[in-house]
Amino acid sequence: MAMKPEEALRAIAAARGDALCVPTMTTAPAWRTLAPDDQSVGCVGFMGGASSLGLGLALARPDRRVLVFDGDGSLLMQLGSLATVAGAAPRNLVHFLFKNGVYHTSGAQEIPGGGGVDFVQMAKGAGYRAAYAITDVAELQRRLPSLLREEGPILVELHTGLADKTPMTDRGGVPFAEQVERLRGRLIAS
Amino acid sequence: MGGEPFALMIQHAGLYASVNTLRGVAMDGRVPIFYMIGLLQREKDKDPRESRHSMVRYCEPLLDLFGVPHARLEGPDDVRFIPEYYRLAQKRRGPAAVLVGLETA
Numbered sequence: 001m002a003m004k005p006e007e008a009l010r011a012i013a014a015a016r017g018d019a020l021c022v023p024t025m026t027t028a029p030a031w032r033t034l035a036p037d038d039q040s041v042g043c044v045g046f047m048g049g050a051s052s053l054g055l056g057l058a059l060a061r062p063d064r065r066v067l068v069f070d071g072d073g074s075l076l077m078q079l080g081s082l083a084t085v086a087g088a089a090p091r092n093l094v095h096f097l098f099k100n101g102v103y104h105t106s107g108a109q110e111i112p113g114g115g116g117v118d119f120v121q122m123a124k125g126a127g128y129r130a131a132y133a134i135t136d137v138a139e140l141q142r143r144l145p146s147l148l149r150e151e152g153p154i155l156v157e158l159h160t161g162l163a164d165k166t167p168m169t170d171r172g173g174v175p176f177a178e179q180v181e182r183l184r185g186r187l188i189a190s
Numbered sequence: 191m192g193g194e195p196f197a198l199m200i201q202h203a204g205l206y207a208s209v210n211t212l213r214g215v216a217m218d219g220r221v222p223i224f225y226m227i228g229l230l231q232r233e234k235d236k237d238p239r240e241s242r243h244s245m246v247r248y249c250e251p252l253l254d255l256f257g258v259p260h261a262r263l264e265g266p267d268d269v270r271f272i273p274e275y276y277r278l279a280q281k282r283r284g285p286a287a288v289l290v291g292l293e294t295a
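Sequence order for the protein chains is A and B. Following our numbering, the numbering of the first sequence begins with 1 at its first residue and continues without gaps. Following our numbering, the numbering of the second sequence begins with 191 at its first residue and continues without gaps.
Heads up, none of these hints are tricks.
Which stretches of chain A does chain B cover? Using the computed rule of at least three CB atoms under 8 Å from a CB of chain B, they are:
{"no.": "1", "region": "45-51"}
{"no.": "2", "region": "59-72"}
{"no.": "3", "region": "182-190"}
Some chain A residues judged to face chain B by a derived CB distance under 8 Å, without partners named:
{"no.": "4", "residue": "G56"}
{"no.": "5", "residue": "F176"}
{"no.": "6", "residue": "A177"}
Distance ranges between label pairs, derived from CB positions:
{"no.": "7", "chain 1": "B", "residue 1": "L252", "chain 2": "A", "residue 2": "D170", "range": "29 to 39 Å"}
{"no.": "8", "chain 1": "A", "residue 1": "R143", "chain 2": "B", "residue 2": "P266", "range": "51 to 61 Å"}
{"no.": "9", "chain 1": "B", "residue 1": "E274", "chain 2": "A", "residue 2": "R149", "range": "43 to 53 Å"}
{"no.": "10", "chain 1": "B", "residue 1": "G257", "chain 2": "A", "residue 2": "R186", "range": "21 to 31 Å"}
{"no.": "11", "chain 1": "B", "residue 1": "P251", "chain 2": "A", "residue 2": "A133", "range": "40 to 50 Å"}
{"no.": "12", "chain 1": "B", "residue 1": "E240", "chain 2": "A", "residue 2": "A133", "range": "49 to 59 Å"}
{"no.": "13", "chain 1": "B", "residue 1": "E194", "chain 2": "A", "residue 2": "D38", "range": "16 to 26 Å"}
{"no.": "14", "chain 1": "B", "residue 1": "P259", "chain 2": "A", "residue 2": "T33", "range": "35 to 45 Å"}
{"no.": "15", "chain 1": "B", "residue 1": "A207", "chain 2": "A", "residue 2": "R171", "range": "24 to 34 Å"}
If you're looking for bench data, these hints aren't it; they were derived computationally from the structure. All residues carry an ideal CB built from backbone N, CA and C; glycine is no exception.
Same shape as in the complex, but just chain B:
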């Protein structure tokens, strides 16, 4: 709002704790917020949506529920999603997220 670029870096638990802000500020207020969301405890051999940890399992469905575009960072090639989704948040004037799941380098 003040004209400065920024990124919000939180874990999935932080996303769950701040859903009201996601809705009230980023969506209703049309404030472009770029989220980098850590998927702590994401298993390497499982799709996050099938994780045995509910914190990991519900993250993408929650973003889907609120219509937040998102991409996974799970390898070196995925790093390109960071500037892409940052620009997407600016363009759509709302939230956009990348999910930091596995090591990208």
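Here chain A stands alone, though its shape is the one from the complex:
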């Protein structure tokens, strides 16, 4: 049975340390609750941009681990970002892919290819240092410490069900520009 995305995010929140995080789409509402800090910046409003946003942060701050919480539908919108990330080869980037097979935010329409798209193979083919699929939260919890130490870029495909909330059903949160300014201020000061 696929894991709940909230369970996966809870496990990551417990293990992340001081990692900078980039949630997007259906991971964003849950992450606001699980990690209400200013070490995250949500990619909401420019679907598909999470991995590129994370790449920029990873290149600018090689001293910090950067975790991207991407969606399968989102990544398909900017699939070329796999090659961009691989080409830049940030050692500190972990690209989590929450794979549920649908565009949940807009009504759960099936993505092209449905659940059959193999992002692990795609990431490896693009040149990521490693890519893995994880299907249950116990395995994720067990492997997280090593995944967060491993040399990147790595992609971790998480097989999940649907989130309880989407950006359409839970519209709260700090506006993107304020998140950017807040994180920028913190990073420049540190």
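Starting from the known structure of chain A, fit chain B onto it as the hints suggest.
Quick look at chain B alone, frame taken from chain A:
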């Protein structure tokens, strides 16, 4: 966002392909992005807005539509626009662009 200086160098086709990022990141997110945009196939004897190539013709009107300040690099004297528009992007906390049309040297 991470505090490092950077410039984005793309062709006009890349601008068209990334309009959502221009809007969502540079404008809504108020991230200062300095664009250097190549006008591939820009004719030397025509104003870009009158180009027979739609890729060239629509570039400046698109930037105007989104309120992005821009300047043309079309000769040696125009090179000064590079630092000027870089600083403008920082100052306005948003996008600013130079269009690389003709040879500058």
